Every structure is written in C-alpha cells, then in structure tokens.
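Given these sequences and hints, build the entire structure.
Protein sequences appear in the order of chains A and B.
Note that the first sequence covers residues 322 to 604 in my numbering.
Note that the second sequence covers residues 960 to 1319 in my numbering.
FYI, nobody ran anything at the bench for these hints, they're computed from the structure.
Be careful, since some hints might not be right.
Here chain B is said to cover these stretches of chain A; the calculated rule only asks that three of the stretch's residues, wherever they fall, bring their Cβ under 8 Å from a Cβ of chain B [stated by the list, open to error]:
hint	segment
1	409–416
2	544–555
Ranges of calculated distance between the beta carbons of each label pair, as one might list FRET restraints [stated by the list, open to error]:
hint	chain 1	residue 1	chain 2	residue 2	range
3	B	V1120	A	H427	49 to 55 Å
4	B	L1184	A	K569	28 to 34 Å
5	B	H1032	A	A468	50 to 56 Å
6	B	Q1100	A	A468	38 to 44 Å
7	B	P1185	A	K569	31 to 37 Å
8	B	T1002	A	P478	41 to 47 Å
9	B	V1223	A	T396	18 to 24 Å
10	B	T1002	A	A468	51 to 57 Å
11	A	A468	B	E1018	54 to 60 Å
12	B	G991	A	T438	52 to 58 Å
13	B	A1097	A	H427	53 to 59 Å
14	B	V1223	A	H406	57 to 63 Å
Derived EDC-like pairs: lysine to aspartate or glutamate, alpha-carbon spacing no greater than 20 Å straight-line [what the hints assert, rightly or not]:
hint	chain 1	residue 1	chain 2	residue 2
15	A	K385	B	D1159
16	A	K389	B	D1159
17	A	K467	A	E503
Remember, predicted model here, so these are calculated numbers, not experimental data.
Glycine residues also receive a C-beta, built at the ideal position from the N, C-alpha and C atoms.
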Amino acid sequence: MKHLFVSLLAALAVGIAASAVSAPAAVKYPHRIISLSPTATEDLFAIGAGKQVIAVDNQSDYPKSAPKTSLSGFTPNVEAVVAYHPDLVVISYSPKGFAGALAKAHVRVLLQPFAVTFKDAYAQMLQLGKVTGHLKEATALVARMKARIAKLVAAVPRKALTVYDELSPDYYSATGASIIGEIFKLFGLENIADAAPGAGSSGAVQLSAEYIVSESPDLIVLADTRCCGTSRATVSARPGWNTISAVKKGAIAVIDDSIASRWGPRLVNFVNAVASALRTTQK
Amino acid sequence: MAKAAELPLTDAARADARRLRVHGSSWLWVGGGVAFALAALLTGIVVGPAPIGIGAIVESAASNIPFLGLHSHLSASDSAIVWQLRLPRVVLGLLVGAMLSCAGATYQGVFRNPLVDPYLLGVAAGAGLGATLMIAYAPGQAFNGDLLPLAAFAGGCGAVVITYAIGRSSRGTATLVLAGVTVTAFLTAIQTFVQQQHTDTLQAVYSWILGSLDTAGWHDVLLLLPYAGVSAVVLLLHRRVLDVMTLGDEEATALGLNVGRIRVLLVAAATLGTAGAVAVSGLIGFLGIIVPHFVRLVAGSSYRIVLPLSILVGGGFLAFTDVLARTILSPAELPIGVVTAFFGAPFFAVVLRTARGVGP
Chain A
322 MKHLFVSLLA ALAVGIAASA VSAPAAVKYP HRIISLSPTA TEDLFAIGAG
372 KQVIAVDNQS DYPKSAPKTS LSGFTPNVEA VVAYHPDLVV ISYSPKGFAG
422 ALAKAHVRVL LQPFAVTFKD AYAQMLQLGK VTGHLKEATA LVARMKARIA
472 KLVAAVPRKA LTVYDELSPD YYSATGASII GEIFKLFGLE NIADAAPGAG
522 SSGAVQLSAE YIVSESPDLI VLADTRCCGT SRATVSARPG WNTISAVKKG
572 AIAVIDDSIA SRWGPRLVNF VNAVASALRT TQK
Chain B
960 MAKAAELPLT DAARADARRL RVHGSSWLWV GGGVAFALAA LLTGIVVGPA
1010 PIGIGAIVES AASNIPFLGL HSHLSASDSA IVWQLRLPRV VLGLLVGAML
1060 SCAGATYQGV FRNPLVDPYL LGVAAGAGLG ATLMIAYAPG QAFNGDLLPL
1110 AAFAGGCGAV VITYAIGRSS RGTATLVLAG VTVTAFLTAI QTFVQQQHTD
1160 TLQAVYSWIL GSLDTAGWHD VLLLLPYAGV SAVVLLLHRR VLDVMTLGDE
1210 EATALGLNVG RIRVLLVAAA TLGTAGAVAV SGLIGFLGII VPHFVRLVAG
1260 SSYRIVLPLS ILVGGGFLAF TDVLARTILS PAELPIGVVT AFFGAPFFAV
1310 VLRTARGVGP
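Here it is as structure tokens:
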C-alpha cells in the first residue's frame, strides 16, 4: 500500500518534471536546484550538474563541495525552501503533502524515492541527467558504474559463502529486497537475513544474536560504523561472536553508513569493500 | 531493616490492614508464581532460532557440576548461544519484568490509582532523553560500553527528582501526578527535538524506545541486579504499610503512619528499580499496569500477596513474551514492546470489562 502510494507520487512527480522538460520552447534547464535528498545531491554532482545546485539539505554531506544548509529533507518546511527561489526541488520523500505544497507555490518538484534495485537507482541518475541537461554525463556515469561493478565482481572467485549485513547494533539486517541484497547476489553470496519471514518484501529485518552466531556467516558487512561506533573490534568482543567464521578469519567489511543507506554513485565503493573482504576469506 | 519497616504500624493499623484479603493461602500463590517463573526460565533456555536439543543443554549444564564426570557435547558456538546469549537474555527478562510489575503495583498503591504505571513520574521520558542525547552526541560510546544505560538511568532518576521538587505537596498526590505529566511532556519535547536534529540516529533511538532484550548479555544483568535487588527488598518490606496506605492519607496518618515520608521512600525505591530496568531494556510498556491487576484479580488485593506475586508473575510474563518475540517471526525479531502491548492491551480491556471495582 505504502509502496503503491510512493510509486504513484513518483509517477506524478515524474509527470510534472517530464511535462516541464518537453515544453516546445527553447529548453531552459534549471539553474537554482535544491536537493533535499543526500542521494540526489551525490548524483547531481557526479553528473556535472553541481553548478546548478544552490542548496542541499542538512544530511547531504557528500561531496564536500555541496552547498549544505540547515534545510531538512526529513521534516521539510515549504516556506524555508521557497525562500531560496528554487526552480527545481529534488526530494526522496514527501511528508504530509510537501510535494503538493511546493507545486502550489509554483516550484517544480522531482520525487526520487528510496531505490530498492540498481535499475531504479540508475533510472534516477538518468532522469536527473535529462532534467538538468546532463543526460550524456549521466549515461556515461551509469555505464562506468556498471563496468566497474562487473569488473570487481569478476575478480573474486565464486564460492558458496554466507553473509550477514548489519545496519544497526541491534541486528537490523538488509534483505534480498534491497540494493545491498542485490550486491550480495552478484557475488553469489547467501544472505542469512533472507531466511526471515517477510524478507522478500521488506528491505530490512531484525535478527537475533543467537541466530547470527548459529549461522556463523563467512562474511560480515558493518554499515553501522558512523551512527553507532561499531567496528571490527566491538563486533569481535560481543559475547559468543568469537565463534563466527567471519570473525575468526577477519572477513569483516567496514562501510560508511552513508554509502550503505544511499543509492548513489558510491555504491561502487560498497561493492569494492565487499570484494576486498571476500578476498580475506580466500586466504 | 525488617523491624524498621514494620515499626510505623500501630496495632490498630495492623488490624485494619487485614481487611484487604488474600484469596486462599499466600504460600500456595507464591509457590505457583515460582513455578510460573521457573517454567519461563526453562522455556527461554530451550527455545530459540538455533535448534539445540534439550538433552545436550542439560548435559552441558550438568558438566559444570564437579564429580559427575559428565562432559558437554555442545559445540563452542552452541555453548555460547545457550550460556552467553540465551540465558542472560532470559534472566534479564525475568528481572526487568519483575521490577516493572513490582514498581507498578507500588505506584498504584502509593497514588491509590489503578491506572498508574511505573512511568507516571517521568522515568520513561527522562531515560528516553538521556538515551537520545547519548546516541545523538556520542554514538561511538553509546553502543560500546556502559554510557548508554548510565545516561538513561541518570535521566530517569533526574526526571523523578524534578517532578518531586515541583509537585511536593502536603495535600495528597494530585499535584505530584500533574507535575509528572508536566515533566514528561517537557522532557519528551526536548527528546523529540534532539531526535529530529539527528535523523541519522533516528532508527537507533526508535529501537531503544520500543524496548528490547535482544542485545542482552550477562553484563546488563549485573548492571541491573543491585538496583533491582535493593528496590525489591525495600518494597517487599513495606507490603503491609501499602495496605494501610489504601485507606487514604488522613486515616493512615491517624493510624500512626508518616504518610509523606513513606511515600517518598516507596517512590524512590520503585523509581530506582524502574530506572535500572529501563536503562538496560528500553521502554517496555503495559507490564507495570496489567500484572498487578491480574494478581489482584486472582489472588486478592492485599499487598502482602500483590507485591511478591507481581514480581514472580511479571518476571515470568516478560520472559515468556520474549520467547514469543524471538520465535513468532524466527529468525527475525519482534520488538518486545509490541508483543507485551499486543497481548497486554486486550487483556487489560477484559480486566476493565469484568472486574470493575477492583481497586488498588
């Protein structure tokens, strides 16, 4: 239901954007863009549209050159956004009719919701390229990402291994219904979270320490290092975790939360971290 | 200590306290409660997402007894699962459930209000603020070490102290309750603000607030034990005093009780235990209301039975609930607050429908 609602909104937003772009007059690309989505910020700068961006939200911490402001994408304020006189606002979610309110203020809105697959993530990059006049760069970015990921995956010999991906210190874990899960499938890894009921539709489930220890995964991916100070040392020190295969072999990939929780160009870094950790298990 | 606690009761008060009944034999009830808590303990050790046979667990336990010559056949990981992950989690469930129920019963007696729970005077809001500040400003320390429970504990106790400072009154408890509502609202406002300013830690804060036992270890048990122990002993020693308090302040004073002083002592003891429980497990709701009521319904309304039985039934109930929390969606977990409220709320509704007039 929620998904349906989000995709309806997305379709609406795409419609708004598309109709604006396909106006018959000389194409004028937005040059006062506000991004309230950290992923969109990364995408915009990666496709060379950074110069057209005048403000980004308080969570957009990459790249460093992005014009970070106190604007919130989480509890956005229409007036504060409109005060910048933007000609395009990119959001990843629209709480309480935020997108509609912006539209009423005659501000163009592009909703790019949380991407569950690589396909969606790439489509958003291309869409941003089209809307901002950088379609060529966006197409090149997607091609480059695909090539690098394929190369990284090919470099690791295939072995039947299991993986546990940690999103928080109380064992929330990414399932197959997420981009992270998709990355694990590329490497032929079996994700222990996928055994949980609901893992097929929900992007994350909460596991128990007991289950993780009993499954003894070959690889642990930590995506809660920045939020929660988790590290190889703190994981190894957890009671009973010293019996886990990945802990014994040191096959623990440490990934910045912001990479793991976004669906932007730095997904390549995620793939790279998994590949490096997997090479540890081969030794 | 026992003498001192019994002293304030005059003979008249002692005689009056007997008007509150215990249905049947107290010892039988307590025996039943012990059996229930033990059943929860054993179920908790045996049931879990990792399939480990009962025989192997018993053998592993027996191998610790000298001179039997038994050896554990559990693998290193199974042994870690049973003794380092499952058992402390069950024990913590027993302690937290016992503490919240016992504190809830006490609060209901002290405030002569059946709808009161242990969070009445702001413990939950204060602990929530303490935990949120810790998670937001020192995430590295919050999840690795004792600072998170310490911050929650300090926040919880601090909130109740503020409530007391504002709401102290010689005219009964209404001012105190209102002060509790005020402090709760204020601290929750700050908590929500800090949370909104740090959306990256939202999930961790939310998770903490829902309450859980899933990261429980022996360390948490040791943290809670001294506070829960002191608190439970003090409250149990005042079970007869609580019976007299149900008469109302004036009558209790006439019967020789220093009502104001006893109220401070009981609230302090209940708060200490509650803050300790909340510090290690987050905000687990409903238990503190429904368990004492269940006990009153079945065993009688005298605190001589309500307090000890609340401890046993509350502990057993939370340990059993936690078994459900980790098995219903196994290998995924359900937040325990969801499970306690899901089973607790309908139960409470039934209590309300069928047992009107059963007061504290």
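Run the structure past the numbered hints and jot down the numbers of the failing ones, going up. Those not satisfied are hints 1, 9, 13.
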